[in-house]
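S.K.: The task is simple: from the sequences and hints, build the whole structure.
The first sequence begins at 2 in our numbering and counts up one residue at a time.
Think of the hints as simulated: they come from the structure by calculation, not from any bench.
Any given hint might turn out to be false.
Said to hold, decoys possible - Listed next, the in silico EDC-like pairs over lysine to aspartate or glutamate satisfying Cα-Cα at most 16 Å (straight line):
(1) Lys9 x Glu28
(2) Lys50 x Glu28
(3) Lys21 x Asp93
(4) Lys108 x Glu132
(5) Lys89 x Glu25
(6) Lys101 x Glu67
(7) Lys46 x Glu67
(8) Lys46 x Glu29
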Amino acid sequence: MSNYWLFKSEPFKWSWEQQKAKGEAGEEWDGIRNYQARNNMRAMKLGDKAFFYHSNEGLEIVGIAEVCAEIHPDSTTDDPRWECVDIKAVCDMPQPVTLKDVKANAKLADMALVTSMRLSVQPVTKDEWLEVCRMGGLDNPPL
DNA sequence: GCCAACGTTGGC
DNA sequence: GCCAACGTTGGC
Numbered sequence: 002m003s004n005y006w007l008f009k010s011e012p013f014k015w016s017w018e019q020q021k022a023k024g025e026a027g028e029e030w031d032g033i034r035n036y037q038a039r040n041n042m043r044a045m046k047l048g049d050k051a052f053f054y055h056s057n058e059g060l061e062i063v064g065i066a067e068v069c070a071e072i073h074p075d076s077t078t079d080d081p082r083w084e085c086v087d088i089k090a091v092c093d094m095p096q097p098v099t100l101k102d103v104k105a106n107a108k109l110a111d112m113a114l115v116t117s118m119r120l121s122v123q124p125v126t127k128d129e130w131l132e133v134c135r136m137g138g139l140d141n142p143p144l
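M.R.: This is the structure in structure tokens:
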């Protein structure tokens, strides 16, 4: 039973294209300096699935990733408070789901993307997961 | 580029 | 432990 998440990234800092280029090796999701976001990463298990969202530019969910390393120290700081996971790209959203689309869908009114705008690593419920996958044109969403 | 929302810091 | 000041995020 895996859980579902959403990672935000500004595409000019770390884009979905760059994430995909890392392939199976995945990449450390470093640089998170927010407790709530870190706590969400602490709760992640190997194989958990996540949406990859482009903030600032794009404003859309562009792909699906998977947790490929559980919580460990963030290599970009010596501060022991900050830890992170690694994620790898799984597949593209055939049709990216925009923030506008999410806001326009009553089923997604409680999504953290809408209610906790500034949280950069968010939990996603299974219902939300399925609905966003459906909107993105994924008939057989990774579960 | 602006600015509202909100998390963090630090003085008391 | 409160709260004002400050910094950052992120939509517009």
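S.K.: With reference to the structure, classify each hint as holding or not holding.
M.R.: We went through each hint and held it up to the structure:
no.	hint	result
1	Lys9 x Glu28	14 Å, holds
2	Lys50 x Glu28	15 Å, holds
3	Lys21 x Asp93	9 Å, holds
4	Lys108 x Glu132	8 Å, holds
5	Lys89 x Glu25	6 Å, holds
6	Lys101 x Glu67	25 Å, violated
7	Lys46 x Glu67	10 Å, holds
8	Lys46 x Glu29	15 Å, holds
When each numbered hint is compared with the structure, a violation occurs for hint 6 only.
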